[in-house]
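Visitor: Taken in sequence, the protein lines are chains Y and W. Start counting the first sequence at 1; every next residue gets the next number (my numbering). Start counting the second sequence at 1; every next residue gets the next number (my numbering).
Since the hints were derived computationally from the structure, they do not count as laboratory data. Just so you know, even glycine gets a beta-carbon here, dropped at the ideal spot from N, CA and C. Please note: incorrect hints may appear among the correct ones.
[To be verified] With a straight-line Cα cutoff of 20 Å, these simulated EDC-like cross-link-like pairs (lysine to aspartate or glutamate) come out:
| # | chain 1 | residue 1 | chain 2 | residue 2 |
| --- | --- | --- | --- | --- |
| 1 | Y | K106 | Y | D45 |
| 2 | W | K5 | Y | E220 |
| 3 | Y | K306 | Y | D158 |
| 4 | W | K5 | Y | D219 |
| 5 | Y | K18 | Y | E30 |
| 6 | Y | K14 | Y | E30 |
| 7 | Y | K181 | Y | D198 |
| 8 | Y | K106 | Y | D37 |
| 9 | Y | K18 | Y | D159 |
| 10 | W | K5 | Y | D221 |
| 11 | Y | K106 | W | D158 |
| 12 | Y | K18 | Y | D37 |
[Claimed, not checked] Far from chain Y, by Cβ distances over 10 Å, these chain W residues were calculated:
| # | residue |
| --- | --- |
| 13 | K5 |
| 14 | R24 |
| 15 | P32 |
| 16 | P77 |
| 17 | R80 |
| 18 | H83 |
| 19 | E85 |
| 20 | L146 |
| 21 | D153 |
| 22 | G155 |
| 23 | V168 |
| 24 | K188 |
| 25 | R199 |
| 26 | A272 |
| 27 | G280 |
| 28 | T306 |
[Stated by the list, open to error] If you want the ones that stay clear, here's a sample from chain W, every Cβ over 12 Å from chain Y, calculated:
| # | residue |
| --- | --- |
| 29 | V41 |
| 30 | G42 |
| 31 | S55 |
| 32 | D71 |
| 33 | A134 |
| 34 | G145 |
| 35 | P165 |
| 36 | H198 |
| 37 | E201 |
| 38 | D281 |
| 39 | V308 |
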Amino acid sequence: MSNRVAVVGVGQTKYAAKRQDVSIAGLLREAATRALDDAGMTWADIDAVVIGKAPDMFEGVMMPELYLADALGAVGKPMLRVHTAGSVGGSTGVMATHLVSSGAHKRVLVVCFEKQSESNATWALSIRLPFTGGSVTGAGGFFAPVIRAYMRRANAPDDIGIKVAVKDRLNALNNPYAHLKLPDISEEMVRESPMLWDPIRYLETCPSSDGACAIVLADEDSAKGTPNPPAWIHGTAVRSEPTMGAGRDVVNPHAGRDCAKDVYAQAGITDPRRDIDCAEIYVPFSWYEPMWMENLGFAAEGEGWKMVDDGSTSFTGDMPINPSGGVLSSNPIGASGMCRFAEAALQVRGMAGDHQVDGARTALGHAYGGGAQFFAMWIVGSEPR
Amino acid sequence: MRNFKRPVAIVASASFETPSEPSRNEVELLLPVIHDALGQVGLTQQDIGFTVSGSSDYLQGFPFAFVGALDAVGAWPPIRESHLEMDGAFALAEAVAVLQHGHVDTALVYAFARPSRGDLDRTLSIQLDPYSVAPLWPDARGLAGLQAQAMRDSGRFDSVPEVPPTHVADGCTAVVLAVGDRARELTKTPVWITGIDHRIEAPALGVRDLATSVSTRLAAESAGATDVDAAYLHVLYPHQELLLRDALGLNGQPVHSSAGPMMVGGLERIAAAAKAVAAGDARRAVAHATSGPCLQQNLVAVLDATAVLEGAAA
């Protein structure tokens, strides 16, 4: 029913706590020009531009597509801005895919970003509303009890989160764009780091990063003759559920399971652990890796932590998770989901450099946001489907 | 974009606008409006294939405005859903693209805002270049005044109206879309979206000719906005109607202009145009939405009582 779509260009900035050497527009152009170079295209080849980022208050610019229109070469073209909380990097990729698969456009530039150093994200997230209690605990405070519930439910050993934290930071050493580079990382170092929101330690959380990630999407004709191999999009899916509700399972969200089922069906995946070669999933707190292993169907319920414990999710394991170092190593919030989608594409293009998973032909990109209630996923492959 | 593989129709809509809503929050505003629209065609949220909204955190005054609004929809069991930090008209354009896929036949589009609680003129200043313009706090009405003066200076207009205070209103709009035969099942009067597109211009006012709306003209050409017998225009200040009439090539057709609540007004114009076509007051109408200072970004939709042939070439 719909046209084939490929990722033909990927561009990322170096992620860092403060990118004060560039403006917001400069940051986005750094990623966008790299993606265009990868695609062998110029601004003039692009039909439409889509940007995504988390709340406007993170930079203090309202509806930044207006300010960014000429910096991103969009003058005279369609330009859209997506905002779906932490999942936005993923859902922006999904929406942009629709623009090509529907036949509306042939070549779409997608740029997601956050420049947290422009403002104060904690301030933006701490506005007290009338008639509501403010917990002022940040995202970690929200998710810590959920992680605690998972640990009890799955009877998971205490050190699983520590192992994920070490694994992702070791992976980040092979990614030139990663923000955190901790060559001395060890289980001991993570264990000794301050406990922020029990059971989440300082080194089990993501950093706050400035950065942008861009991709160029193309229809089948436009993907022919691009200089580098394309990543073909085999399926996309989004799902949302409310923040609160009696039927919700925040540990293993219904929306995440539905989203995975949908994207697997489109991509012809029946056994994700067998059929998918590697995955980039949204893990801002280390324990979310085993939790998402279950939610995504890589492990049975209660068994996800065992994949961490036996090394299956390590770079050399049978199911490498976050070979780029993941959100635990770089977190430009509004771009973090796009980084997952883009890194999945780099893997199946064979362009992931030192963190290339050998023989990766099918990969999953995953993002979540809000109170673990918004999900966006795509499956990319080295061959068209 | 026009000549869709799968023709999309507006099958229902509802809107609410008030100068200032003192007590009800965004969810309370939306709930009756969404259920009014769905009820017109006998649908519930469970029947909707894709849901998408438009809103602005800065008008709500705190981040993630759209998250709470989901409670007005009832996203359980989980739904396919997205959100644009834009006027709901742009969300409708996204829904039309999603409906080109085989797996969904219906969509719900909504937009909401309560700007009355802030100083809208000043809030809109932070849409401007954050380094060189926004720190000067030029207000929205002031920028509109520059545009009106540029029109007077151009000598192309007989008279250009004064710029009144910026329209401030609270409210919301919900629109239900359906594809092909599904639309015909749901209503006797589906209103077909035969074309929809949008274009943006540069943010720096100094590099634009403020006395013309290039982006509206380009969007109208792409959407096929010719041979219309009515126009529903998203006009924030009266002088902008003159620019839009020019850009759309209107020539004596009835023009229905409204500002509406910020983030809602464009979607509301599309809904109003659809109601007129469904009622037989117009056969083929153009609807317009705008975003940003001085008509920086414009969307044009063409609504027709008759569908373009299904399977027409893209």
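Visitor: If a hint holds in the structure, say so; if it doesn't, say that too.
Guide: Cross-check of the supplied hints:
Using a Cα cut-off of 20 Å, the hinted pair Y:K106 and Y:D45 holds, with the two alpha carbons roughly 9 Å apart. Simply put, W:K5 and Y:E220 have alpha-carbon atoms about 18 Å apart, close enough for the 20 Å limit, and the pair holds. Our distance criterion of 20 Å between C-alpha atoms is met by Y:K306 and Y:D158, whose separation comes to about 12 Å. With a C-alpha separation of about 16 Å, the suggested pair W:K5 and Y:D219 falls inside the 20 Å cut-off, and the hint holds.
Distance check on the hinted pair: Y:K18 and Y:E30 sit about 15 Å apart at the alpha-carbon level, within 20 Å; holds. Among the hinted pairs, Y:K14 with Y:E30 is consistent with the structure: their alpha-carbon atoms are about 9 Å apart, no more than 20 Å. Distance restraint check for Y:K181 and Y:D198: the Cα-Cα separation of roughly 24 Å exceeds the 20 Å cut-off, and the hinted pair is therefore not satisfied. Between Y:K106 and Y:D37 the alpha-carbon distance is near 17 Å, which keeps this suggested pair within the 20 Å criterion.
For the suggested pair Y:K18 and Y:D159, the alpha carbons sit about 31 Å apart, so the restraint of at most 20 Å is broken. The straight-line distance between the Cα atoms of W:K5 and Y:D221 is roughly 19 Å, inside the 20 Å bound, and the hint therefore holds. Proposed proximity of Y:K106 and W:D158 is contradicted: the alpha carbons are some 42 Å apart, above 20 Å. Under the criterion of a C-alpha separation no larger than 20 Å, the hint pairing Y:K18 with Y:D37 is inconsistent with the structure, at around 25 Å.
Distance check on W:K5: its Cβ comes as close as 6 Å (rounded) to a Cβ of chain Y, failing to clear the 10 Å threshold; non-interface status is violated. Every beta carbon of chain Y lies more than 10 Å from that of W:R24, the smallest distance being close to 13 Å; the non-interface claim holds. The claim that W:P32 is not at the interface with chain Y holds, since no C-beta of that chain comes within 10 Å of its own (minimum 18 Å). With a closest Cβ-Cβ approach of about 7 Å to chain Y, W:P77 is found to fall inside the 10 Å limit, against its non-interface label.
With 10 Å as the threshold on Cβ separation, the claim that W:R80 sits away from chain Y is violated: the shortest Cβ distance comes to roughly 6 Å. The Cβ of W:H83 sits about 5 Å from the closest Cβ of chain Y, inside the 10 Å cut-off, so the non-interface label is violated. At the 10 Å boundary, the C-beta of W:E85 falls inside the reach of chain Y, the nearest C-beta of that chain being 4 Å off. Its beta-carbon lying about 16 Å from the closest one in chain Y, W:L146 satisfies the requirement of being farther than 10 Å from that chain.
At roughly 23 Å from the closest C-beta of chain Y, the C-beta of W:D153 stays outside 10 Å, upholding its exclusion from the interface. Here W:G155 stays apart from chain Y, with its beta-carbon at least about 25 Å from theirs, past the 10 Å limit. At roughly 16 Å from the closest C-beta of chain Y, the C-beta of W:V168 stays outside 10 Å, upholding its exclusion from the interface. For W:K188, the non-interface assignment is confirmed: its Cβ lies about 27 Å from the closest Cβ of chain Y, beyond the 10 Å cut-off.
In this structure W:R199 is not separated from chain Y by more than 10 Å, as the shortest Cβ-Cβ distance comes to only about 6 Å. At roughly 23 Å from the closest C-beta of chain Y, the C-beta of W:A272 stays outside 10 Å, upholding its exclusion from the interface. Every CB of chain Y is more than 10 Å from the CB of W:G280 (nearest about 30 Å), matching its label as outside the interface. In this structure W:T306 is separated from chain Y by more than 10 Å, as the shortest Cβ-Cβ distance comes to about 22 Å.
At the 12 Å boundary, the C-beta of W:V41 stays outside the reach of chain Y, the nearest C-beta of that chain being 22 Å off. With a least beta-carbon separation of about 24 Å from chain Y, W:G42 lies farther than 12 Å from that chain, consistent with its non-interface assignment. The Cβ of W:S55 sits about 9 Å from the closest Cβ of chain Y, inside the 12 Å cut-off, so the non-interface label is violated. For W:D71, the condition that its CB be more than 12 Å from all CB atoms of chain Y is violated, with the nearest at approximately 6 Å.
Interface exclusion of W:A134 from chain Y breaks down, the closest Cβ pair being 8 Å apart, not more than 12 Å. With a closest Cβ-Cβ approach of about 19 Å to chain Y, W:G145 is found to remain outside the 12 Å limit, as its non-interface label requires. The non-interface label for W:P165 is consistent with chain Y: the shortest C-beta to C-beta separation is roughly 20 Å, beyond 12 Å. Non-interface call for W:H198 relative to chain Y: violated, since the shortest CB-CB distance, roughly 5 Å, does not exceed 12 Å.
A cut-off of 12 Å between C-beta atoms contradicts the statement that W:E201 is not in contact with chain Y; the least separation is 6 Å. For W:D281, the non-interface assignment is confirmed: its Cβ lies about 30 Å from the closest Cβ of chain Y, beyond the 12 Å cut-off. Every beta carbon of chain Y lies more than 12 Å from that of W:V308, the smallest distance being close to 14 Å; the non-interface claim holds.
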